[in-house]
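K.L.:
Sequence:
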Amino acid sequence: MVKKHQPIFKLFNASFAVLIPIALWTVLLGGSYSLNSNLIDHTATKISSTRGEMIYRLAGLVLQWNIQHGLVYVPLTATNPVNPFLTSPDREITTSNGLILTQMTSPQMLRQLSKLFGDESVSLTMVGTNPINPKNRANQWQQAAIEAYTPGQQPYNNIIDGEFRYLVPLIAKSQCLGCHAIQQLQLGDLAGGLSVSFPQESIAASTATLHRQNMISHLVAYLLLCLISSLLILKIQRLIKNLNQEKAQRDQIIDNKTANLRAEIKQHKIARSELQRLATHDPLTGITNRRHFTSVLNKEILRYQRYQTNFSLLILDLDHFKQINDTFGHDCGDFVLKEFAAQVQQWLRKSDIFSRYGGEEFAIIAPNTELDSAKRFADKLVRDINKIEIEYQSHKISISVSIGVANPSLIDKLTSKSLIAITDKALYLAKSSGRNIAVTALAKL
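All you need for our numbering is the position in the sequence shown, starting with 1, plus 255.
Rather than coming from a laboratory, the hints here were simulated on the basis of the structure. Virtual Cβ for every residue (Gly too), placed ideally from N, Cα, C. There may be inaccurate statements among the hints.
Said to hold, decoys possible - Here are the simulated lysine-lysine pairs, DSS-like style, with alpha carbons at most 30 Å apart:
| no. | residue 1 | residue 2 |
| --- | --- | --- |
| 1 | 605 | 512 |
| 2 | 680 | 635 |
| 3 | 428 | 502 |
| 4 | 635 | 554 |
| 5 | 635 | 686 |
| 6 | 524 | 577 |
| 7 | 672 | 651 |
To be verified - Between beta-carbon pairs, the in silico distance windows are:
| no. | residue 1 | residue 2 | range |
| --- | --- | --- | --- |
| 8 | 509 | 580 | 53 to 63 Å |
| 9 | 476 | 388 | 54 to 64 Å |
| 10 | 517 | 497 | 24 to 34 Å |
| 11 | 627 | 514 | 53 to 63 Å |
| 12 | 549 | 635 | 25 to 35 Å |
| 13 | 517 | 476 | 52 to 62 Å |
| 14 | 491 | 413 | 50 to 60 Å |
Given these sequences and hints, build the entire structure.
P.N.:
In structure tokens form, the structure reads like this:
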């Protein structure tokens with residue numbers, strides 16, 4: 256589980272980890288801010304379109320009312336002057352009480368309706384590319400919108416230079432042909448357009464406020480989220496650092512305990528090895544002891560009985576060793592035993608087993624050695640030992656050895672005891688024959 260989450264821990268513990276949530280919030284809140292800004296702009300455009308459409312519908316109702324009632328007359332006043340472009344004989348009429356009325360056209364009604372909005376910046380007019388009244392001539396954008404009209408097209412709307420512009424094409428109806436006869440309009444012709452325009456200042460001000468609120472809210476959210484995320488990352492990094500420190504401490508403790516355990520195991524192995532060595536080796540001379548000798552002898556006898564692999568046994572006894580102890584002391588005797596054992600060990604083969612049998616007696620098991628070869632080797636040992644002079648303090652001590660030699664082939668009922676007994680008998684013969692010789696056992700037991 257720990258290994259599974261190591262990449263995440265490494266990512267959180269990296270030096271750039273604090274930048275990861277900042278980058279994430281930058282992308283998310285930046286996208287949210289852009290989306291909200293576009294939504295505000297779209298809503299502002301929709302509001303302007305809705306406002307223009309409402310003004311258009313109101314104007315349309317007025318025009319429809321005008322058309323339904325035919326000729327509309329109003330008192331002749333300074334605000335309602337005679338329309339010089341009307342050629343109808345009924346342009347002015349006088350009532351029975353002498354009040355003069357003048358005919359009012361749809362464009363005149365729209366101009367007055369535009370003033371009733373209470374905002375002089377709102378323009379509501381009927382325009383055309385070739386109007387009877389030059390005041391109703393379409394300007395550049397109105398003319399472009401009229402000329403670009405195709406049947407089924409949506410009303411033109413756009414925002415140019417901070418002004419919303421809305422224009423709906425006007426199609427000639429039967430009620431329009433009388434007044435526009437001079438233009439030779441036909442039923443269904445494009446007569447012009449109903450134009451609505453007003454500045455975007457109020458909507459732009461509201462939009463600016465919304466944009467400002469959008470920016471502030473996103474900026475505050477961005478800063479708070481970045482701060483909280485950074486603090487959280489730093490806290491996680493501290494936690495990971497503490498965990499790593501605790502892990503390092505635990506690992507150090509484990510390493511120390513492991514090292515101590517290994518040292519103890521090593522000491523146990525050394526002690527065990529030393530115990531094993533002490534169990535099989537003589538502490539004075541360092542060669543194998545009687546216990547090890549007996550174990551090897553039993554194995555050699557079994558091997559001889561199973562595979563007829565011959566071997567020989569030599570038992571050595573230092574001559575007049577008691578005299579050395581009595582003359583020079585037991586320390587000197589111990590020194591002589593060690594020097595004797597070390598010297599003999601050098602003359603043996605690696606396969607030979609050299610053991611201290613007891614006191615000044617030693618035994619050699621010579622694997623794969625016939626009796627005559629063992630006798631020749633024993634004679635050589637006697638001669639070589641005679642040449643040894645052991646120096647102890649200021650004394651030079653000469654030694655000699657008696658050796659008994661035997662072989663399993665000399666015994667009918669072979670056991671370790673019987674083989675040792677026949678070899679001891681040969682050693683006894685060597686001792687009784689004047690010492691310093693090797694004697695081979697002859698009799699079969």
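K.L.:
Kindly indicate which numbered hints from before are broken by the structure, ordering the numbers from low to high.
P.N.:
Of the numbered hints, 1, 3, 6 and 7 do not hold.
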